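Reconstruct the complex from the two isolated chains, following the hints.
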Amino acid sequence: MKYLNKKIEEIHTLLKEGKIKPIDLVEEAFENIENNKELNAYITLNKEEAIKEAKELENIEVDNLLFGLPIALKDNIITKGLRTTCGSHILDNFIPIYDATIVDKIKAKHMIIIGKTNMDEFAMGSSSRTSYFGPPKNPWNKEKICGGSSGGSAATIAARDVLFAIGSDTGGSIRQPASYTGIVGMKPTYGRISRYGLVAFASSLDQMGPMTKNVYENAVLLNAIVGKDEKDLTSANKEEEDFTRLIGKDVKGMKIAVPNFLMGDIVSDEVKNKMNETIKLLKENDITVDFIDVKYLENAMTLYQIIAMGEASSNLARFDGIRYGFQAENVKNIEDLYLETRRQGFGEEVKRRIMVGSYLLSGENAKTYYNKALSIRDDMRKELKNVFKKYDLMIGPTTVTTAYDLTDPMNDPRKSFMDDVLVIPVNMAGLPGMNIPIGFDQKHMPIGMQIIGNSFEEAKMYQLASFIEKELNLNLTPGGEE
Amino acid sequence: MTNYIPTIGIEVHVELKTKTKIFSNSKNGYGQMANSLTNVVDLGYPGTLPTLNEEVINLAIRAATVLNCKIRKQMHFDRKNYFYPDNPKNYQITQARTPIGYDGYVEINVGGTPKKIYIEEMHIEEDTCKSAHRGDKTLLDFNRAGVPLIEIVTKPCISSGEEAKAYLEKLRETLFYSDISDCKIEEGSMRADANVSIREKEEEPFRTKVEIKNIGSISNVGLSIEKEIERQKKLYENHETFKEQTRRFDDKLQDTVLMRVKETGNDYRYFPEPDIPFVVITDEMIEHAKEKIPMLPDERRKVYGEKGLLEANANKLIQNRSLSDFFNTLLEENIDFKIASNILLGDVSAYLNKEEKSITDTTLTKERFIELVKTYSDGTISSKNLKEMLDSIMESDKSIKDIMQEQGIENISDDAELKQIIHNIILENQESVTDFKNGHDRALKYLMGQVMKETKGKANPRIANEILLEELK
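Those protein sequence lines, which keep their order, are chains Y and B. Read left to right, the first sequence gives residues 1 to 482 (my numbering). Read left to right, the second sequence gives residues 1 to 473 (my numbering).
Keep in mind the hints are simulated off the structure, nothing from the lab. Here the structure is a predicted model, which means the values were calculated and not measured. Yeah, the Cβ is synthetic: ideal placement off N, Cα and C, and Gly gets one too. One thing to keep in mind: the hints can contain errors.
What the hints assert, rightly or not - Computed list of lysine-lysine pairs in DSSO-like fashion (alpha-carbon distance at most 27 Å, straight line):
id: 1; chain 1: Y; residue 1: Lys332; chain 2: B; residue 2: Lys262
id: 2; chain 1: B; residue 1: Lys155; chain 2: Y; residue 2: Lys367
id: 3; chain 1: B; residue 1: Lys19; chain 2: Y; residue 2: Lys372
id: 4; chain 1: B; residue 1: Lys262; chain 2: Y; residue 2: Lys367
id: 5; chain 1: Y; residue 1: Lys367; chain 2: B; residue 2: Lys27
id: 6; chain 1: Y; residue 1: Lys47; chain 2: Y; residue 2: Lys6
id: 7; chain 1: B; residue 1: Lys70; chain 2: Y; residue 2: Lys80
id: 8; chain 1: Y; residue 1: Lys228; chain 2: B; residue 2: Lys19
id: 9; chain 1: B; residue 1: Lys73; chain 2: Y; residue 2: Lys367
Claimed, not checked - If you anchor each label on the Cβ, the simulated ranges turn out as follows:
id: 10; chain 1: B; residue 1: Lys252; chain 2: Y; residue 2: Ser375; range: 30 to 40 Å
id: 11; chain 1: Y; residue 1: Glu298; chain 2: B; residue 2: Arg134; range: 39 to 49 Å
id: 12; chain 1: Y; residue 1: Ile97; chain 2: B; residue 2: Thr241; range: 27 to 37 Å
id: 13; chain 1: Y; residue 1: Ile97; chain 2: B; residue 2: Asp86; range: 16 to 26 Å
id: 14; chain 1: Y; residue 1: Ile97; chain 2: B; residue 2: Lys213; range: 53 to 63 Å
id: 15; chain 1: B; residue 1: Glu11; chain 2: Y; residue 2: Ser375; range: 30 to 40 Å
id: 16; chain 1: B; residue 1: His76; chain 2: Y; residue 2: Lys238; range: 22 to 32 Å
id: 17; chain 1: B; residue 1: His76; chain 2: Y; residue 2: Glu61; range: 19 to 29 Å
id: 18; chain 1: B; residue 1: Lys137; chain 2: Y; residue 2: Asn93; range: 37 to 47 Å
id: 19; chain 1: Y; residue 1: Asn93; chain 2: B; residue 2: Ser358; range: 45 to 55 Å
To be verified - Selected chain B positions facing chain Y (Cβ under 7 Å, derived; list incomplete):
id: 20; residue: Lys89
id: 21; residue: Tyr91
id: 22; residue: Ile93
id: 23; residue: Ala96
id: 24; residue: Arg269
id: 25; residue: Phe271
id: 26; residue: Pro274
id: 27; residue: Asp275
id: 28; residue: Val279
id: 29; residue: Asp283
So that you can see chain B by itself, here it is in the shape it has in the complex (with noise of 0.2 Å):
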């Protein structure tokens, strides 16, 4: 089979976190009763006008910002004409000719090889509504329509289903962490939609290219994109052609399937939208845009490291946005960050999925938060003395050292009474005694397991560990 290089190009569009729409007044929100995120102007009534929120543009800037764009200082809207009931004027106010933010990157690592994906554009334009399809009847939630969206555009340089991916997931976690958007895939906050071609020589001209829409997961659309690219290597392989088409992912299939052959380019008659006046984007805007961003994945991810989190940690806590926050308030505090960072994604995690909680919905605050860090790492508390004050922890207000004497959890941390017991425990069990000098590591766990049954859980683990190794010797 011949070699064939894939080209890929990846349009998505996000839905912006604003509290009123695009153009109108009505609220931004999922998951309403439908229609009743509307007014005359969402629902495009005669000689209405459309306003424009500035809370939009404040986002739109910050997206350009982290997404490494520059950004345009003086733009305008344009009016997409099409008729589609979705599209309740019959045309939809997006940006054509200048776009907010242009020849931008995203910086990705796949395999452990970095790559920068080019973003050619980003811009500015309304959501539609949202059609539902009941046997032969359409119904139409208008909530949607209006809500602000960004679409990001990259330059066809993806090479892969694993670099879509790998771009897609930063992507997300870059504008969900800089407060742009919630990019909920499975709400369509977040959609994206690809482009792929192949072809058999870089310099060759790109072939006839094809779209995949709808796709439901960032895992979706890798696995699209695979599966394209091999269907068109097997056509031209058959010396078959096919025409420029759009195709959709279809769950059930685990394949694209096609939904509509391309005609002749669409022709939808941009023109600037004479109901909105030139924006000025200022130096001044563009710096309160930045100024409210938070610290981004990919310097999170330094810092823990710098801290001594293992990689896999990292990226743990990064996953789950309100643990890191947490997390990042920490840093300037004396502890062991690894301690912390495992009781943070063991125990309290735990704790958290069961009660469906975030940490910020606890009495887990960074002062008791801290208290419990060093009481563990200096064996005051084992792991198991954790979990059972786990429910006062995470539900009262009171400190650690209350919680231990309220449920009487006391360690034996004297020297002289735990080596009493601990000598007595090595004259008992000899055979271990020779298996730990022949080099059985189990030997040593057996041995300490001994030593809290004998003190019924009660000693200082890491004490304890100290003094059994000594008289081992």
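Chain Y on its own, in the form it takes in the complex (with noise of 0.2 Å):
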């Protein structure tokens, strides 16, 4: 008998009422995975533990919707005694000594951490190709990539493995999987979440959030991990909500803006034929969709690396073989052992963003790049934030096209910036960003919008992917069953 590719509701009902266990969620889980194993969405399975935390549950009333349902979180998460590698040589042996905020949060929902999920090294990337453990493979053809860097929450989550991941967005590292995978994925508000325990990548624009398959299950996570945190002095102090509030509300009246970069040349005919498809369909449900400029958007790329590669470089420095992770044998001196450490420890990508982003802070250049970066980073938060006067939400796609072949050449990182462009503008802007399934492409590989809200304003963007959801109505479980 299998539970995880029902409804949370109805496994909620089964645990509530006795008929099924913990134990049996998370037995089904590992199975699932094992199935998957060639996905290679994982890095590290918690199976021990988590069979142990299952039977301890037993003796624990059902007190939540989340209650006993096994979760993934992606490899960057600190998770206390449970290895934590960043998809990095430079930390494969490294086994945490605290807990990440949100793990705390996860463990008082009484969830079950089933594993590590596959990613870039240290998030860099967008096919999840960079990471030291080999790339996890897109559940829709396992000849295609699955995105990135959150590519092994996506890839487990459209596989059907478990309910429930994490994922991290520094630059569209939630939403762009999940549009190659066909599942929703939410970066919320820059300080939505604590930052605590996440692995630091750009600390001005990493954002965790949820990864899973439908909509309603995405706000009832969001629900659980949100919460200003004296740990991190950057989240935010917010009333409580419910993020599912307003999921299957009446969207009629709603006024929508597509800013005309998002559907510029750049963006496939297929995946823009799609999105106007979906457009067509909101505006004959009485919604109002214009097309309009917004300033900006295209410097938002460059923006981006200069702000995130600075970051990274300092973020990075700590990894020197001193007091945890990788460290160089047969070294000859402190100057070596930093050298050879982070040779061998740090992969091509990852060194080479340590290098831009060194040069990007050096002497005049950090006046010249990293300080303009950021002053033309708040003139275009404000354009951004103005759209929000006359609009509710912003749509657009999430990618330019759908998910391409493992064996394209990585050797371009522009190209592979490419891949994050129209995801990236709102993590410069601090905005909630997310990507719901829309279709097809004529291989079957899935094609996602993504919804743009105003900060802090993720019901709303949750009200309208619900019904975009409910109006698709796509079968969005690879193989086709369900």
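Structure (structure tokens):
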């Protein structure tokens, strides 16, 4: 009997009525993961501990919707006693001694951490192919990438191994793989979720978020992981709210903007056409959809590269082989230890970004590039916020194409950034953005749509997303059964 | 030899006396077991983030105030990026662009000439961890990592080792008295580096400067600066040039030695710390920080002078914070302050030193001390009596009167009785009387000695002295 392909409410009822136990779900999850081993979605499984926890839960009352449900965490989220690698050789022996705040929250809901998902090394990449542990594969077509950097989390959700996964999104790393794998991925407003325990890539952009097979479950998981955290000064102090509250509510009269940039020449016809079909659907349902010009969007990629790489070069300095992680052997002195540990420990893409980032912050460059980028980012944020004075939400495609071949060349970093060109503006402005599937291309690879909201208006995004999800009623299980 | 004008700038790091560290909730402590005061934040573990200790901001505002600095109302932190084993994140969180304090000064006095030492800026940062070298191994103690520091940077306006010493003494007592730091150089809670260059004329641009680091005491700062000035003079006299360099003071050699020649400007790749939002300093915060500033040394000196204390005594009191604070509780009383300071700095200090106690650890209350000063001032007890009573004064809570009674200390203050005794002594010591009349003051002391001998020390010295002088007329 399979349970993990059911809706969360059904599973909850079964658990509550004692018809199934958390251990059934955990065993099923590991069975699924084993069957889908080829996807390479996981770096580390938490088998023993998960089974132990599931058994312990048998003595505890089923007190919330997420109780006893398995969840997968991207491997840049710090888990006490459970190896956390960031997809890197430099941390492949790293067993943390504390839990991230998000992990505390997940444990407080009695969810069960099933394992740590595959990712681009230190979240740097857009196809998860920079992982030290090899790339995860797209459940829709194993020849294809599943995007990145949260590729493993996307793959395990798309393959229906588990219901819930957490990803992180610095420049699209939740939304873009969600788009490539046909799942729902939310990057909430910067500050919604504590970053304490998320291994930093670019501190001013990083944000974690839920990845699920449908909109409702996404909102339920978001409910569980948000909140001000004393340990993260950049976390926002907001009143508690239920992100599911607008799901299914009437969307008539909503005003939506489509920035022309998101529908420009860089977007493939197939994706554009599907997007236009969705826009048509919205209009037919009395939703206003306007195409508008939004300044600075075309600069977002440049700003992103400067800010993200600058911050990354500093954030990754701590991996020096002294206190934790991989340490190079047979070194001559401290300088040599630094050089060899980092030379052997980091992969090519990470090293490239550290070098570019260091250059961008060097001497006068800091003023010419980083500080300037910060100031243009402010202008861009204002420009985007302005849109929300007239519109409820913005929409557009999440990616310019559908998932491409795993064998496509990786040697052109600009192309890799092209994968994220539509999702990056959201990070620059700290806004919430999400992906929902809106259909398939001719090869039956998923196409995704991005919904962008004003700061802290995730509930409204779920409202529109749930409407589209219901209207399109797509079969989103790879292989087709459900 | 040509005359050279030295130019000296000083950077001082001071550890703030907070309960916890600046960016984590680990305890801020000294002398604890290595690595016992650390957590994942101090160790720079992946995923950890800094928090910001409000106590640090409060003390930094206070420091800016007592150093006469302007206070920046909106400030942020910056990352200073460099690899070093004592720097756990391989970046240090500091303030490069928006130091909390700027444009301040400290007033010093060297050889009777007052001078203002100008402070360029004062910023907040975290301390690094402590390394100890054992053979070819280096041990790291992270207890110090994340201890809050302020760095105080002067303008290049100091012109001698003497001035540098005076500046540091002044800085130390000011920060110590305002409860900002315990300023213990030997424990590293106050550390000074000096930048020294010399030139022939004021109009000439500054010449190559040398930084002197790791100086273990204030007097060595003075010494190392003087030595460095001499060294540079000799080089110029021999038409030699030298590169910008860092030297350290060697205790054994009593001289500076080369640490490293500076390469082209260090590139610390500063950028605003994205993990800590901008800090806004409100007028309320400034008022709050100022409220708790105790009376500072300069004001104490002024007040003590007004109360008739000798300058030396005033300075001695100020050197002992708890005695000075105790003394300050007496300022409104009607007592002889000179005598009060003499007793505190004399017998009381001797007792405290011997017992290794602070005055607050003894039973000597303000009220009992006032009684003591009065009893002494009117001659009811002698200095000899005081010494005999000292242990009881410091260790029991009995009144001075009760202690005198208990110990049978009872002075003869009866004029008639004393007169008779003194009269007899004068008759028996005519030789001394003649000496006295010939202007030998020693003779008076001898005669007083005889009075004390006769009365077994019980004569009220003040009254006896008066009668003696009367009789000698």
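Verification of the hints:
{"no.": "1", "hint": "Y:Lys332 x B:Lys262", "result": "23 Å, holds"}
{"no.": "2", "hint": "B:Lys155 x Y:Lys367", "result": "25 Å, holds"}
{"no.": "3", "hint": "B:Lys19 x Y:Lys372", "result": "39 Å, violated"}
{"no.": "4", "hint": "B:Lys262 x Y:Lys367", "result": "24 Å, holds"}
{"no.": "5", "hint": "Y:Lys367 x B:Lys27", "result": "37 Å, violated"}
{"no.": "6", "hint": "Y:Lys47 x Y:Lys6", "result": "22 Å, holds"}
{"no.": "7", "hint": "B:Lys70 x Y:Lys80", "result": "46 Å, violated"}
{"no.": "8", "hint": "Y:Lys228 x B:Lys19", "result": "24 Å, holds"}
{"no.": "9", "hint": "B:Lys73 x Y:Lys367", "result": "23 Å, holds"}
{"no.": "10", "hint": "B:Lys252 x Y:Ser375: 30 to 40 Å", "result": "54 Å, violated"}
{"no.": "11", "hint": "Y:Glu298 x B:Arg134: 39 to 49 Å", "result": "58 Å, violated"}
{"no.": "12", "hint": "Y:Ile97 x B:Thr241: 27 to 37 Å", "result": "54 Å, violated"}
{"no.": "13", "hint": "Y:Ile97 x B:Asp86: 16 to 26 Å", "result": "21 Å, holds"}
{"no.": "14", "hint": "Y:Ile97 x B:Lys213: 53 to 63 Å", "result": "35 Å, violated"}
{"no.": "15", "hint": "B:Glu11 x Y:Ser375: 30 to 40 Å", "result": "31 Å, holds"}
{"no.": "16", "hint": "B:His76 x Y:Lys238: 22 to 32 Å", "result": "23 Å, holds"}
{"no.": "17", "hint": "B:His76 x Y:Glu61: 19 to 29 Å", "result": "47 Å, violated"}
{"no.": "18", "hint": "B:Lys137 x Y:Asn93: 37 to 47 Å", "result": "22 Å, violated"}
{"no.": "19", "hint": "Y:Asn93 x B:Ser358: 45 to 55 Å", "result": "52 Å, holds"}
{"no.": "20", "hint": "Lys89", "result": "5 Å, holds"}
{"no.": "21", "hint": "Tyr91", "result": "5 Å, holds"}
{"no.": "22", "hint": "Ile93", "result": "11 Å, violated"}
{"no.": "23", "hint": "Ala96", "result": "10 Å, violated"}
{"no.": "24", "hint": "Arg269", "result": "4 Å, holds"}
{"no.": "25", "hint": "Phe271", "result": "5 Å, holds"}
{"no.": "26", "hint": "Pro274", "result": "4 Å, holds"}
{"no.": "27", "hint": "Asp275", "result": "5 Å, holds"}
{"no.": "28", "hint": "Val279", "result": "10 Å, violated"}
{"no.": "29", "hint": "Asp283", "result": "23 Å, violated"}
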